[in-house]
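*Asks:* Take a look at the letters that make up each chain.
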Amino acid sequence: MPESTEQHPRELLPWLVNGTLDGAEHEAVSRHVAACAACQAEVSLLRAMRRGVKAVEPAGAGELGWQRLRRGLGGQVRTVTPRWVIPAAMAASLVIVAQAALLVTRAPETVRYEPLADPVPTEVLAQVRFTPEASEADLRALLREAGVRIVDGPSAAGVYRLAVEPDRDPEAAARVLRERSDLIPHFALER
Amino acid sequence: MNGESALAPDAEDTALLARIATGSEAAMGVFYHRHEARVYAFVMQRLGNAADAAEVLNEVMLEVWRSAKHFAGRAKVTTWLLGIAHNRSIDLLRRRGRRAADSLDFDVVDDRPDPGPAAVAHAQNGEYIRRCMHGLPEAQRQVVHLTFFEDLPYGEIAEILSIPEGTVKTRMFHARKALAQCLEQLGARP
Ligand SMILES: [Zn+2]
Chain V
98 MPESTEQHPR ELLPWLVNGT LDGAEHEAVS RHVAACAACQ AEVSLLRAMR RGVKAVEPAG
158 AGELGWQRLR RGLGGQVRTV TPRWVIPAAM AASLVIVAQA ALLVTRAPET VRYEPLADPV
218 PTEVLAQVRF TPEASEADLR ALLREAGVRI VDGPSAAGVY RLAVEPDRDP EAAARVLRER
278 SDLIPHFALE R
Chain Z
5 MNGESALAPD AEDTALLARI ATGSEAAMGV FYHRHEARVY AFVMQRLGNA ADAAEVLNEV
65 MLEVWRSAKH FAGRAKVTTW LLGIAHNRSI DLLRRRGRRA ADSLDFDVVD DRPDPGPAAV
125 AHAQNGEYIR RCMHGLPEAQ RQVVHLTFFE DLPYGEIAEI LSIPEGTVKT RMFHARKALA
185 QCLEQLGARP
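Which chain is which? The protein sequence lines are V and Z, in order.
At position 137 of the first sequence the residue is numbered 234 (the working numbering), and the sequence of numbers has no breaks.
At position 98 of the second sequence the residue is numbered 102 (the working numbering), and the sequence of numbers has no breaks.
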C-alpha cells in the first residue's frame with residue numbers, strides 16, 4: 098500500500114475520468130485511486146472540469162458553411178470572389194461602409210488564402226455577429242455611435258470584424274457595442 | 005487483427021468517405037453536418053477567433069472531399085479528420101505570420117497545493133471554465149478540449165497533434181494546474 102500512495106498516477110487521471118484508459122492501465126489506476134484520498138480529490142476536480150468543458154456550447158459554421166463549401170466542391174476555376182457577400186438582412190449601406198476596408202479574397206478551387214493587402218490594422222477591436230432581425234438603419238446608427246467600421250466579414254459563421262476609428266476610444270466603443278446585445282448577441286474582443 | 009468482431013464505431017463515417025471518394029456531394033453533405041461543429045470547436049482552441057475557425061473548417065472539409073480516396077482506415081475517421089484540422093490550423097497561423105510554435109513543454113514540477121473545494125465547485129460552471137480555458141496557452145487548450153470535450157484516449161490525441169504521448173500528458177497536467185488556480189481565483193472574486 099505505501100508504495101501505491103507514494104506514486105500517484107496523476108498524469109493518467111484525466112483519461113481515467115474520460116473512460117479511455119485501456120484494460121491494464123485502467124485496472125492499475127482504478128486500484129490506486131480506490132485507496133488514495135489525494136487522487137480521489139483530483140478525480141473529483143477533473144470530473145467537474147470535464148462537465149464544465151462539455152457545458153460550453155460548440156458553435157459551428159452551420160448551413161452557411163455548407164453552402165460555402167458546396168460552391169468549392171465543383172472544382173471549376175472561379176474568379177477571385179470578394180468576401181463581401183452581405184446577407185440580405187445587412188443592406189447596401191453596410192457595403193459602402195465596408196468598401197473602404199480591406200478585402201480578403203479567396204479562390205475557392207485552390208483554397209488559397211491571400212493575406213490581407215495591408216497587415217491587419219492594429220485598431221481591430223472585436224468580432225461580432227449581428228442579429229438577423231436588426232435593420233440596416235439600426236446597425237448603421239450603432240456603428241456610427243460607437244465609432245467603428247466593419248473591416249472583415251462575414252465569415253461562413255456570419256462573424257464580422259470591427260475596427261475603431263483612429264480618433265475614437267476603443268474602450269468606449271466596446272462599451273457602446275456591448276450595451277446593444279439586442280443587435281449584437283455575440284461580441285468578442287480581439288487580442 | 006480480427007476486424008470482424010464488431011462494426012467499428014466509425015463504420016458509418018468510413019462508409020461515407022467511400023461514397024465521398026466517388027464524388028458524392030450528398031455524402032459530403034452528410035459528413036459535413038456530422039462533423040462541422042466538432043472541427044470548428046477544435047480549431048477554435050488553437051485559432052481563438054471565429055473568422056479563422058470558419059476559414060479553416062472550409063479548408064479541412066475541402067481536403068476531405070479531395071483526399072477521401074486516400075483515407076487508409078488505419079486511424080479512426082475522427083482522428084484523421086482532427087489531424088487534418090490541426091495541420092490546417094498551423095498552416096493558417098504560419099501564413100499569417102503568427103506564432104505557430106507549440107508552447108514549451110517543461111517537466112512537471114508538482115509543487116502547488118491541492119485544489120480547494122472552490123475549484124471543484126467552479127469547474128462545473130461552463131462560463132467559468134470558458135474564461136479559464138481562454139487563459140491557457142493554445143497547445144494546452146487543445147489537449148483539454150480533446151480529452152474532456154471529445155473524450156479521446158491520450159494515444160489518439162498524440163496522433164492528432166503529432167506529438168509524443170508523454171507530451172500530451174504533460175500538457176494536460178500543466179493545463180489542469182492552471183485551470184484549478186484560475187477557478188479558485190474566479191471564485192474568490194465577487
Ligand atoms: Zn494517489
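Hints may be right or wrong, so weigh each one.
Claimed, not checked - Only part of the chain Z face toward chain V is listed, based on derived beta-carbon distances under 7 Å:
#	residue
1	Leu61
2	Phe152
3	Tyr158
4	His178
Claimed, not checked - Here are some chain Z residues the structure puts well away from chain V; computed CB gaps all over 10 Å:
#	residue
5	Asp14
6	Ala25
7	Glu29
8	Glu40
9	Arg42
10	Ala54
11	Asn62
12	Leu66
13	Ser71
14	Thr82
15	Asn91
16	Ala125
17	Gly130
18	Pro157
Honestly, the hints are just simulated from the structure, not real lab data.
Idealized CB from N, CA, C, for every residue including glycine.
*Asks:* If I take the minimum Cβ distance from Z/Ala54 to any residue of chain V, is it greater than 10 Å?
*Replies:* violated (4 Å)
*Asks:* Classify the label on Z/Glu29 as holds or violated, using whether its beta-carbon is more than 10 Å from each beta-carbon of chain V.
*Replies:* violated (6 Å)
*Asks:* Quick check for students: does the CB of Z/Asn62 sit more than 10 Å from each CB in chain V?
*Replies:* violated (6 Å)
*Asks:* Is it the case that Z/Gly130 keeps its Cβ farther than 10 Å from each residue Cβ in chain V?
*Replies:* Incorrect as stated: the minimum Cβ-Cβ distance to chain V is 3 Å, not above 10 Å.
*Asks:* Is the interface hint satisfied for Z/Leu61? The criterion is a beta-carbon contact with chain V at less than 7 Å.
*Replies:* Constraint on Z/Leu61 satisfied, holds at 5 Å.
*Asks:* Can we trust that Z/Ala25 is non-interface, i.e. its beta-carbon lies farther than 10 Å from all of chain V?
*Replies:* holds (13 Å)
*Asks:* Beyond 10 Å from every chain V Cβ: check whether that's true for Z/Ala125.
*Replies:* violated (8 Å)
*Asks:* Taking the closest pair, is the beta carbon of Z/Pro157 still more than 10 Å from chain V?
*Replies:* About 4 Å separates Z/Pro157 from the closest Cβ of chain V, which leaves it inside 10 Å; violated.
*Asks:* Compute the least Cβ-Cβ separation between Z/Ser71 and chain V, then decide whether it is above 10 Å.
*Replies:* Label holds. Min Cβ-Cβ 13 Å, cutoff 10 Å.
*Asks:* Classify the hint on Z/Phe152 as holds or violated, based on whether any CB of chain V lies nearer than 7 Å to its CB.
*Replies:* holds (4 Å)
*Asks:* Any CB of chain V closer than 7 Å to the CB of Z/Tyr158?
*Replies:* At 5 Å from the nearest chain V Cβ, Z/Tyr158 passes the 7 Å test, so the hint holds.
*Asks:* Checking the smallest CB distance to chain V, is Z/Arg42 really beyond 10 Å?
*Replies:* Incorrect as stated: the minimum Cβ-Cβ distance to chain V is 7 Å, not above 10 Å.
Figure legend: structure checked against the earlier numbered hints; hints not met, in rising order: 4, 7, 8, 9, 10, 11, 12, 16, 17 and 18.
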